[in-house]
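Add chain B to chain A, keeping to what the hints say.
Protein chains in written order, with this note's numbering: chain A, 65 to 366; chain B, 867 to 1119.
These aren't lab readings, by the way, just hints derived from the structure by calculation.
It cannot be assumed that every hint is accurate.
Taking beta-carbon pairs under 10 Å as the criterion, some of the chain A residues facing chain B (in silico) [what the hints assert, rightly or not]:
1. S116
2. I133
3. S199
4. W203
5. G206
6. M207
7. T208
8. I210
9. L214
10. T215
11. L228
12. G242
13. L309
14. G311
15. A312
From a predicted model like this one, the values you see are computed outputs, not experimental measurements.
Glycine included, each C-beta is placed from N, C-alpha and C at the ideal position.
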Amino acid sequence: MSTKAYPGRDAIKAKGWFAAHRWLIIRRLSQFAFLGLFLIGPLSGYYLVKGSIASSLTFDTLPLTDPYILLQSLAAGHVPEMTALVGALIVLAAYLVVGGRVYCAWVCPVNIITDAAHWLRVRLGIQGGLKFSRSVRYWMLGMTLIIAFLTGVLAWELVNPVTLIYRGLIFGLGWAWGAALALFLFDLLISERGWCGHLCPVGAFYATLGRFSVFRVRAVYRDDCDDCMDCYAVCPEQQVIPAALKGAKQNTGPVIDAGACSNCGRCIDVCALSVFQFGSRFAGPTNPARRPPADTKLRTAA
Amino acid sequence: MKPQGIIDGGARNRRKFLADTARTACSIGIAGLALAHLVRGAQSRPANAVRPPGAGADDRFLSTCVRCGLCVNDCPYPTLRLARIEDDVAVGTPYFVARDYPCEMCDDIPCVAACPTGALDKRLTSIDDARMGLAVLTDKETCLNFLGLRCDVCYRVCPLMGKAITLEYRPNRRTGEHAAFIPTVHSDACTGCGKCEHACVLEEAAIKVLPGSIAKGRLGSHYRLGWQEKERKGEALVKGITDLPDRMPEGRP
Chain A
65 MSTKAYPGRD
75 AIKAKGWFAA
85 HRWLIIRRLS
95 QFAFLGLFLI
105 GPLSGYYLVK
115 GSIASSLTFD
125 TLPLTDPYIL
135 LQSLAAGHVP
145 EMTALVGALI
155 VLAAYLVVGG
165 RVYCAWVCPV
175 NIITDAAHWL
185 RVRLGIQGGL
195 KFSRSVRYWM
205 LGMTLIIAFL
215 TGVLAWELVN
225 PVTLIYRGLI
235 FGLGWAWGAA
245 LALFLFDLLI
255 SERGWCGHLC
265 PVGAFYATLG
275 RFSVFRVRAV
285 YRDDCDDCMD
295 CYAVCPEQQV
305 IPAALKGAKQ
315 NTGPVIDAGA
325 CSNCGRCIDV
335 CALSVFQFGS
345 RFAGPTNPAR
355 RPPADTKLRT
365 AA
Chain B
867 MKPQGIIDGG
877 ARNRRKFLAD
887 TARTACSIGI
897 AGLALAHLVR
907 GAQSRPANAV
917 RPPGAGADDR
927 FLSTCVRCGL
937 CVNDCPYPTL
947 RLARIEDDVA
957 VGTPYFVARD
967 YPCEMCDDIP
977 CVAACPTGAL
987 DKRLTSIDDA
997 RMGLAVLTDK
1007 ETCLNFLGLR
1017 CDVCYRVCPL
1027 MGKAITLEYR
1037 PNRRTGEHAA
1047 FIPTVHSDAC
1057 TGCGKCEHAC
1067 VLEEAAIKVL
1077 PGSIAKGRLG
1087 SHYRLGWQEK
1097 ERKGEALVKG
1107 ITDLPDRMPE
1117 GRP
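If we strip away everything but chain A, and leave its shape as in the complex, we get:
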């Protein structure tokens, strides 16, 4: 797989800058919007949302709890109260609809850090470094639950950079910025997309949900693909693409159904030929003939 330094140039030419960054912009807005909802309270004194990303209460009625953190608590030997259980079920149901690792790409603040590190890594031409298997995160997930079980403590929450940083931003950062900096430097200098793409057990948990989630990226017009490789270059989880994009011969469907896909939508952005779309996992198979005529013109333009 070749990795282009600057994927998406053709898409900018074909669709314009905004259309070629559409999902990236919406995603950043989403990340800051979630953080903003939590910050309104401490900043203004008027609380829409209380708590933090671990567990929260919206409008004094809607409880939401991170199911992975609650799973740690269960492993540690505590059956939580109804409020937390209901909150976790709501969150679980939501991610089963919108896509498990939507948490990673649309909510988690570490995504901004890891994307920034990757952006700089490409521009500074930093290559090589530690390589981890993509499966290490699942080992990490198992390890965090085993340690919670053995010690009776929510062990991962002592180091979890996601909750550490989020809590820090809401309740006072202290040295939590050090965790953010460490992650940035790790991804920049030591391992490409190391944390979010390979190690984070939170991502592994949501990836497990993602295998069953309804909303997915679909390579709807995969027959149009001209192998420019821009989607591979921009995708933080390249391994999820080929099965859907090149699966016509093997008769596999156009849905990117790997749990690791975070529905970030960058492949949709950078594809000059608009091969990818968001859609339901259960929508019918691709039909190239259905492509709107306007788009066919675009192909010749590109």
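Here is chain B on its own, set in the frame of chain A:
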């Protein structure tokens, strides 16, 4: 029969798979050990870090608290805070330092009501039943009341004045003609709110809230207190015992 030393592709893949798996498992095992070591550190907490009402023992609390901060949001005073990385308390968990700002013992216990997981136990319905810690008059050498002065501040600020802290009358031996009023904490009433420690007028408080496990002793289960047994029975259990001679401790002035 295959020549020796040549391994077919399937076997090579199997070997690689096994080697990779073993390597990953070992690395994760080391990471797990490091994490378990961190847990050991998190299980100890400075004596002046007090948990909110209903938290119970720390080994339970650390398995139940998801570190969300909802209790801190609903605490109407600047009492509760979440531990930061640099604090010596398990990161993200709520606590307070009584000397900085004590628990004001709200009647509706909003912190407990806010807790979504039950880490702060909802069976705690009256704040007077809370046992966040136990006030201990740790320094009898500097406490003004012990010196024979009438400070009384800890006694007066106590939300359970006369129950959790009483003033016990003793003769003042220094002057030989005055009284000393000794602040005395009663564990059956003290909630550990820390108002006494907060209010103590000394530069370093002479009365401090300590975790119950540090503050309290425990009688052996076989101990029988003669005067209680006597009261229960209505008369002495054993009759006709001669009194032993009373001895003064050695080195007494």
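Hint by hint, here is what the structure shows:
1. The restraint placing S116(A) at the interface with chain B holds, with a minimum CB-CB distance near 5 Å, inside the 10 Å limit.
2. Among the interface hints, the one on I133(A) holds; its C-beta lies about 5 Å from the nearest C-beta in chain B, closer than the 10 Å criterion.
3. For S199(A), the interface hint holds, since its Cβ comes within 10 Å of a Cβ in chain B; the closest pair sits about 7 Å apart.
4. Proximity of W203(A) to chain B holds as hinted, the smallest CB-CB distance being about 4 Å (cut-off 10 Å).
5. A cut of 10 Å between beta carbons decides the hint on G206(A): the least distance to chain B is about 8 Å, and the hint holds.
6. Of the supplied interface hints, the one on M207(A) holds, with its beta-carbon coming within about 5 Å of a beta-carbon of chain B, less than 10 Å.
7. This hint holds: T208(A) has a C-beta 7 Å from the nearest C-beta of chain B, less than the 10 Å allowed.
8. Hint on I210(A) holds. Least Cβ distance to chain B is approximately 7 Å, under the 10 Å limit.
9. The beta carbon of L214(A) comes within 7 Å of a beta carbon in chain B, closer than 10 Å, and the hint placing it at the interface holds.
10. At about 4 Å, the closest approach between the beta carbon of T215(A) and any beta carbon in chain B falls short of 10 Å, and the interface hint on this residue holds.
11. With a cut of 10 Å, the hint placing L228(A) at the interface with chain B holds, because the nearest CB-to-CB distance is about 7 Å.
12. Checking G242(A) against chain B by beta carbon gives a least distance of about 7 Å; that is within 10 Å, so the hint holds.
13. The closest approach between the C-beta of L309(A) and any C-beta of chain B is roughly 26 Å, which is over the 10 Å cut-off, so the hint fails.
14. Of the supplied interface hints, the one on G311(A) is violated, with its beta-carbon coming no nearer than about 24 Å to a beta-carbon of chain B, more than 10 Å.
15. Proximity of A312(A) to chain B is violated relative to the hint, the smallest CB-CB distance being about 28 Å (cut-off 10 Å).
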